[in-house]
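S.K.: Sequence:
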Amino acid sequence: MQNLTTIIHTIDHAFTSLVFLPMLFLLYCRISSLHRRTRRAHTLYRICMVLVILFLLRYFCAKFIFTTVNYPRFIESGLFPLIRAIFYSAPA
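Residue numbers (numbering that gives the first Met the number 0): 0 to 91.
Quick caveat, the hints were computed from the structure, so don't treat them as lab data.
Taking lysine to any residue pairs in the SDA-like style, the calculated list, with each CA pair at most 20 Å apart, reads:
id	residue 1	residue 2
1	K62	F86
2	K62	L50
3	K62	F79
4	K62	R83
5	K62	A84
The following label-pair restraints were derived from C-beta to C-beta distances:
id	residue 1	residue 2	range
6	F79	R39	36 to 42 Å
7	Y58	I30	22 to 28 Å
8	V68	T42	38 to 44 Å
For each residue, glycine too, the CB sits at the ideal point set by N, CA and C.
Could you build the full structure based on these sequences and the hints that come with them?
M.R.: See the structure below:
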């Protein structure tokens with residue numbers, strides 16, 4: 000279980016560190032209207048949009064829901080190891 004928690008935490012850290020790449024692509028598409036030219040670019044545009052929305056949802060949860068004040072509420076939850084790996088634990 001500890002290895003799984005470490006893997007999830009590493010994936011989360013990589014995602015939050017590299018989310019600027021889809022954001023830059025979205026900005027470039029908005030400036031150049033690249034996403035309207037080909038189907039492949041439009042698909043990539045949508046994937047990047049989903050990644051950015053997931054990042055914003057994760058950021059909202061980290062800052063407003065899964066705070067240290069609410070920590071005791073989530074201890075008894077069945078998903079607590081996942082919540083702890085993403086929002087509470089420091090990298091090992």
